[in-house]
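Number of protein chains: 4
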Amino acid sequence: MFRFERPVRFVEVDAARIVFFGRFCDYCHDALEALFERLDGGYPRLTMVRDIGVPTVHIAFDFKAPLRYGDVALVDVEVLRIGERSIGFRHTLTRKADQVVCAVAHHVVVTARISRIETVPIPDDLRALLGEHLA
Amino acid sequence: MFRFERPVRFVEVDAARIVFFGRFCDYCHDALEALFERLDGGYPRLTMVRDIGVPTVHIAFDFKAPLRYGDVALVDVEVLRIGERSIGFRHTLTRKADQVVCAVAHHVVVTARISRIETVPIPDDLRALLGEHLA
Amino acid sequence: MFRFERPVRFVEVDAARIVFFGRFCDYCHDALEALFERLDGGYPRLTMVRDIGVPTVHIAFDFKAPLRYGDVALVDVEVLRIGERSIGFRHTLTRKADQVVCAVAHHVVVTARISRIETVPIPDDLRALLGEHLA
Amino acid sequence: MFRFERPVRFVEVDAARIVFFGRFCDYCHDALEALFERLDGGYPRLTMVRDIGVPTVHIAFDFKAPLRYGDVALVDVEVLRIGERSIGFRHTLTRKADQVVCAVAHHVVVTARISRIETVPIPDDLRALLGEHLA
Chain A
1 MFRFERPVRF VEVDAARIVF FGRFCDYCHD ALEALFERLD GGYPRLTMVR DIGVPTVHIA
61 FDFKAPLRYG DVALVDVEVL RIGERSIGFR HTLTRKADQV VCAVAHHVVV TARISRIETV
121 PIPDDLRALL GEHLA
Chain B
1001 MFRFERPVRF VEVDAARIVF FGRFCDYCHD ALEALFERLD GGYPRLTMVR DIGVPTVHIA
1061 FDFKAPLRYG DVALVDVEVL RIGERSIGFR HTLTRKADQV VCAVAHHVVV TARISRIETV
1121 PIPDDLRALL GEHLA
Chain C
2001 MFRFERPVRF VEVDAARIVF FGRFCDYCHD ALEALFERLD GGYPRLTMVR DIGVPTVHIA
2061 FDFKAPLRYG DVALVDVEVL RIGERSIGFR HTLTRKADQV VCAVAHHVVV TARISRIETV
2121 PIPDDLRALL GEHLA
Chain D
3001 MFRFERPVRF VEVDAARIVF FGRFCDYCHD ALEALFERLD GGYPRLTMVR DIGVPTVHIA
3061 FDFKAPLRYG DVALVDVEVL RIGERSIGFR HTLTRKADQV VCAVAHHVVV TARISRIETV
3121 PIPDDLRALL GEHLA
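Protein chains in written order, with my numbering: chain A, 1 to 135; chain B, 1001 to 1135; chain C, 2001 to 2135; chain D, 3001 to 3135.
Only chain A is shown next, with the shape it has when bound in the complex (with noise of 0.2 Å):
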């Protein structure tokens, strides 16, 4: 599992003054955005140099509690499969202050060139590190 910390910032609550659902996939990607910093150069690297991205394929949220501003959202990546070019992901999203588990996501994406989107098998720095966080 890979923790993520993610403050909810002024911008991201809607005007019902909770943190857009859609806000939600930024907060996942955010948080596979630092669990790819392991990577040499990190996600920019992958995609802006090596041309490869994940994009998403499939994703599925229940939300359970809303997010509001001055909370502070824990993000918890766990690998749940490594395909050949497929990488399943669920992210649970939990509020720091009372614990409360406020979403959980299926998350499906792709190995990709960014160029072309096309799928591209993982590469093995990418698989090695995934490898650590499966559930």
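Please keep in mind that the hints were generated in silico from the structure rather than gathered at the bench.
Please note that the accuracy of each hint is not assured.
[What the hints assert, rightly or not] Incomplete in silico selection of chain A near chain D, CB under 8 Å:
(1) 9
(2) 10
(3) 26
(4) 29
(5) 33
(6) 43
(7) 66
(8) 70
Glycine residues also receive a C-beta, built at the ideal position from the N, C-alpha and C atoms.
Please arrange chains B, C and D on chain A, whose structure you already have, making use of the hints.
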């Protein structure tokens, strides 16, 4: 079915130059805001005056093709189920130029007091409007 | 003058329930994208095919009144100056319902190759279009 | 001076693959949120409990160099002026890797009741904190 047309904005693509997957949530919500325009005062009056919103409790996306800057997304909203306090939608996002389906979402919201985030029965005018778009 | 109408979206207000000041930049850019639609292929073709964009080198806003969810902003774009490689705009953002001016911006952009971010002379078709909206 | 470090997020670049100019407002606001953390309860308590925010009345940016995905921005906040109900800041955004200045902003905010958007005198604790960062 309710169709909503949404050009991709310049800022909505990410570093991979495709629309970030979380922005698809925005597109679906924009479509719902447009659908709710037929209510008296639209979604602004429902939320800001009547204090009733439709927070998301579940959303699941399958992504099939990317959207890029210059594309126009067609968001087709179908109402799958109208419960006592919850509504099920299917959103199909199609690229207008070539009619390629880019994403399909199953989306469940509840009707809730915004000031307290507690559920309430679906108001009659909203129920009637939703009935017109049942799949 | 070019007028662009832009309803405030549900996600664009911040925790203070007013449109975040940075979102006014988005509104101005959306207005420019709409203005550029009269070019062949619009701003998408200019940027993605012809590799020419209009990065901002200066923007100054005076904010006079807030925008809230439910408001519609009218963005009035005037071209103040057309240089060799730069363009000066004034954007006036008015709340549609009561005609209150919410913000005025002075905005200077340059025409630039996107792939290298180096300036180029303003293309003829863009220059002609801008000429129609000189203050 | 107060220094805030802010990596560019994957979603913050636009179709030109540089950070959209409006996102620089977010970076400056994030820096202020970080600066205000030294208040009891930080900016969340100031805004959500004490009902006092700092809406922007003026901001002027000069942009000198782009930020791209992979860059880290250093936001240096200096307090230029502390009035009765208004505060003047200068924000200097530098690219961490090569120390190139990317943007400089002059920023004026007022202290205001959030629920009514009417100005109030700067609270004593905020005034004291700002005094530590006078240019």
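Against the structure, the hints come out as follows:
no. : hint : in the structure
1   : 9    : holds (7 Å)
2   : 10   : holds (6 Å)
3   : 26   : holds (6 Å)
4   : 29   : holds (6 Å)
5   : 33   : holds (6 Å)
6   : 43   : holds (7 Å)
7   : 66   : violated (14 Å)
8   : 70   : holds (3 Å)
The structure does not agree with numbered hint 7 stated previously, though it agrees with all others.
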